[in-house]
Amino acid sequence: MNIAKKLAFDVDVEPTFPVKGRVLRKKQYDENTDDEDVWSPEEAFEYDYFNVTTDRVIASMRNRFEERKRFESIFGFLLDSRRLKSLDESELWQCRNTFHSTFSHGDKSDVDLNDLYSELKILQGTLPNKFMSCIDIS
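Residues in the sequence shown are numbered consecutively from 1, following my numbering.
Derived by calculation from the structure, the hints in this document are not laboratory data. Backbone N, C-alpha and C fix where the C-beta goes; we use that ideal spot for every residue, glycine too. Not one of these hints is a red herring.
Listed below are the simulated SDA-like cross-link pairs for lysine to any residue, each with C-alpha atoms no more than 20 Å apart in a straight line:
hint	residue 1	residue 2
1	LYS121	PHE131
2	LYS5	ALA44
3	LYS85	LEU127
4	LYS69	LEU84
Between beta-carbon pairs, the in silico distance windows are:
hint	residue 1	residue 2	range
5	SER73	LYS108	17 to 23 Å
6	GLN124	SER60	34 to 40 Å
7	LYS5	GLU91	52 to 58 Å
Can you build the whole structure from these sequences, using the hints too?
Rendered as structure tokens:
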């Protein structure tokens, strides 16, 4: 709320919510007499706009982090030199299989298992011991 007030002040707008008049009507004989909750304009803004927007942001962030985890599970071993160099034979084999299965459909594949494994072994041996990102490696 403070941020919104500051923004309103910066653009020279009055930082208040318009107040709607409450319509009073006569209750019928068999009508329930419990009064409805009356919200202030700030509470209505929070409920109708702020909470909805916050929920959307949370859902979007959750989706992005799930996609990031999936990307990491497929390409993670290629993202930095230290991780690639630290893989032993079985871990490299596992990464190769995951990469291969991602780019396969039935018995068709864009990746040759043996070529990928031999290229990764060569890359492991030729990379320097300092940290390099995937952009630096290429």
